[in-house]
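Peer 1: So the protein sequences, as listed, match chains A and B. Residue numbering for the first sequence follows the working numbering, beginning at 1 and increasing consecutively. Residue numbering for the second sequence follows the working numbering, beginning at 1 and increasing consecutively.
A portion of the hints provided could be inaccurate.
To be verified - 27 angstroms max Cα-Cα, derived DSSO-like pairs, lysine-lysine: (1) B:K218 <-> B:K182; (2) B:K499 <-> B:K434; (3) B:K452 <-> A:K172; (4) B:K401 <-> A:K275; (5) A:K275 <-> B:K457; (6) A:K275 <-> B:K313; (7) B:K219 <-> A:K275; (8) A:K275 <-> B:K159; (9) B:K238 <-> A:K172; (10) B:K391 <-> B:K361; (11) B:K385 <-> B:K452.
In case anyone wonders, no lab produced these hints; they're calculated from the structure. As the structure is a computational prediction, the values presented were derived from the model and not from experiment.
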Amino acid sequence: MTAYVVRRLLAFIPTFLVVAIVVFFMIYLIPGDPVRLMLGLEVEAEAIARKRAELGLDRPLQERLVIWLGHVAQGDLGDSYFLNQPVSQAIVERLPVTISLSTLSLLIAVGLGVSAGVIASIKQGSMSDWGVMLLSLLGLSMPTFWLALNLILLFAVMWQWFPVGGYVPLTKDPLEYLRHLFLPSLCLGLVNAAVIARMTRSSMLEVLRSDYVRTARAKGLYERVVVYKHALKNALIPVITSIGIVAGVLLGGAVITETVFNLPGVGRLVVEAVKRRDYLVVQSTILVITGSYLFVNLVVDLIYTWANPRIRYD
Amino acid sequence: MFTQKKWAIGVCVLVCAALIIPIACSTPPATPQVVVQTQVVKQTVPVEVTKVVQQTVPVVVTKVVEKDPRVGGVYKMAIPAAIGSLDPMSAAAVTSQEVTWPVLEMLVVFGEDFKVVPMLAESWTVSTDGKTCTLSLRQGVKFHNGKEMTSDDVLASLKRFLDVTTRKSQFTALQSYVAKDKYTVVLTLSNPDPAFLEYLAHPFPAAVIMPKEVIEGKKDIKPEDLIGTGPYKLAEYKADQYVRYTRYADYKPLPGDKSGYGGAKVAFFDEVQIIPVPDTGARVAGLETGAYDWAEAVPMTEFNRLSAVPGVKVYQTALDWDIVLFLNHANKFSSNLKFRQALAAALDMDAIGMSVTNGLKQFYTANDSLWIPSSQFYYQSTLSKQVYNEKNLDKAKQLLKESGYNGEEIVVATTRDYDWLYRTLASVTDQLKKNLGMNIRVDVMDWAALNKKWAEKDTWHISCSGIRSPAIFAPQNWGLSFETGGGISNWFSNADMDKAFANTRSATNAQQRIAAYRQVQDLFYQTLPYIQVVDTFGVEAIRSNIKGFQPWMYNTRPWGLWREK
């Protein structure tokens, strides 16, 4: 197992390198000039040229790539053109927001999704099943921004139970931290619960029809034991895969939710950076997001071995 | 106990209710009933001084009369854009400037009536030949680091400003700036320039005064460098999250009332926050719940609804954008005067205005002048009235024919990032296609790409932008648009226009300047470097328990405000 983990970790390096080069060329291929955005419209042409030279944007693309990779290899991600801070600091400041939002959303999504999926599968064809399927269809089709704005309207503007947006660090005020994160987490949790519920239902239905479940029932085991001990664990493999995908997406930043709820997370950072062509921030943040995807994938692969002991990597 | 059936029905009902209630309970649009008690008072403010004697003239300003200011509390301002560069000396973008306004001050600033008024310079004299300007600094003004401001700090700040500013051409006449004594600075010009004090007062980018030891030799301004003399001190800067300021106890406000960027800047709040909230819905919702006290860039479509919301006061700003059509003078057709005249003759500016404002007529005005009506340079002539908003399709078709246009593809470059810009060009495209039968391709891109596109000679013909400061307080900035080599001239070049701008700089008194700028406007309509579209007005809103508020062109000014008990 250890050897497998080490091999996977080593495989991260070429992945990072490929992603770094692809992202570098992609972002520079998009037309745009950060200097013009930085200085505003009413400026002299000479000032624009001066600033471009100062930021090194007048150098050839290959030269900029080599310089950037050299700095990244030394742990220096450079300075943001717009944020008045090093890129590494910008990312580190936003990671807690994204990790908090992802964790809470995932808890809601998994809690709701798995429970609803199991209920729907064991009561197949009943009103409960139809209800879960209808709600999950609704969750899948509902645009996140629309749900977010409605949650704000209902819970923040009309009833004023939760704030409209913003973020309070856990260390500053734990209660306010939860209050500020509740609505965005609920928004993301509900949407992702729909995916997990449907996956859980279909996987459970398949397992519940298998011979060993029939045998367990024939042995006279309680239905609860059959479902939760024998069926659910075996049905979890595809569910874990979909949870892994959801976790990866959430860690990559829920751009719309972060924007609507004014959360300073990684998703908003990268989108704002793309909009204003803050090249170094885009390149480095995408590397971090890639890292989180790779990490989540590794964790998911390791969890498979718990869910199904027949899976071995040695 | 619930059965499964009841449970399922209950869940469905709850979900439907959650979706329907917010919509059902939202307040319907109502007629705006904004009542602001105002009193017109006559004030005396110092203005441009020529010769050796300082003069004052009476001006009329609108002043909101309110009593019993209360000290304390937190004031939160929600702005739409992310905060960019923190260097007010080099960045011309409004967001880069407005976050420094509570902290940093300038020698002279624009007052409410867009005339130059004192700030850190308490007075100034100009020699009879117009070449020497002597500024007397206020004494006893302390920086936030506790040091007194002196002429050494002014010289160091001016030096850096002149090194990094993006409007260097305005200071080419400045030969030297020296300290006569601890509180006097002498500026010497190679030739008289009546606009020189306006250049010093212009806020984008701003010649702010910072301590010598902080600013000297400084390449980049970091948050910790923002040390000034303003009524608030920078307490915390969180990139893209908020900027927090605390009241500067040693601040000594000027006597009188606040006026524009000038006058008495009294800090009543203990703390002020500027919070970027890019999502419009979230910004407005935050204002309604009281999470924010003031919101910038409220959608026009929210004006009526917000006017009826208790606890919120909504108002219209003096000018949001002077919308202009950019024409690429390096490209075949748009460089042809006949072609440009054809466009000008064909376009219905009211149709564009209605499109931009979603049919809300009160939010635009078809203005043929390059300046807003309250500006001292405001000018309408027979020519401008003739050329602007003519809607003469026969003439337009004739001019188009004479320009040699024969159905070739015309590229309109636009973006969806700014709704008003997109709607302007959509309406323009629609009119030109329908009324003149032009063959138009619309290239849609994001704002950053559009900015880059404007620098390309061959890839576009028509685009659009919004202009603000030249129309209000910086007429000289039109030079960037119409003078040969100007930053946003789009390769327009005309010797008469260059000469007219030279006249604005060599004018020796206010009347001559006004006449020179009239000549600029006449030439503008003869040569059409741009096409003037409409002036739009913005919407902003403030919690009604915030007192002392007096709407102006820029309202990210947290001084003179307090929260009612």
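Peer 1: Checking one constraint from the list: CA of A:K275 to CA of B:K313, max 27 angstroms. Satisfied?
Peer 2: Not OK: A:K275 and B:K313 at ~32 angstroms, beyond 27 angstroms, violated.
Peer 1: Can you confirm whether the C-alpha distance between B:K452 and A:K172 stays at or below 27 angstroms?
Peer 2: violated, 43 angstroms
Peer 1: Is it true that the CA of B:K218 sits at most 27 angstroms from the CA of B:K182?
Peer 2: Roughly 23 angstroms separates the two Cα atoms, so the pair holds.
Peer 1: Do the alpha carbons of B:K401 and A:K275 lie within 27 angstroms of each other, as the hint requires?
Peer 2: Distance of about 41 angstroms is beyond 27 angstroms: violated.
Peer 1: Below or equal to 27 angstroms on CA atoms is what counts here, so check B:K499 against B:K434.
Peer 2: Violated: B:K499 and B:K434 sit about 39 angstroms apart, past 27 angstroms.
Peer 1: Take the C-alpha atoms of B:K391 and B:K361, compute the straight-line distance between them, and say whether it is at most 27 angstroms.
Peer 2: holds, 19 angstroms
Peer 1: Given the proposed pairing of A:K275 with B:K457, does the C-alpha separation stay at or below 27 angstroms?
Peer 2: Satisfied, since the Cα-Cα distance of roughly 23 angstroms is no more than 27 angstroms.
Peer 1: Does B:K385 pair with B:K452 here, judged by a C-alpha cut-off of 27 angstroms?
Peer 2: violated, 34 angstroms
Peer 1: Are the Cα positions of B:K219 and A:K275 separated by 27 angstroms at most?
Peer 2: The hint holds at about 25 angstroms.
Peer 1: Has the given pair, A:K275 with B:K159, been kept, meaning a C-alpha gap of at most 27 angstroms?
Peer 2: The given pair, whose Cα atoms are some 33 angstroms apart, is violated under the 27 angstroms limit.
Peer 1: B:K238 and A:K172: Cα distance at most 27 angstroms?
Peer 2: holds, 15 angstroms
Figure legend: structure checked against the earlier numbered hints; hints not met, in rising order: 2, 3, 4, 6, 8 and 11.
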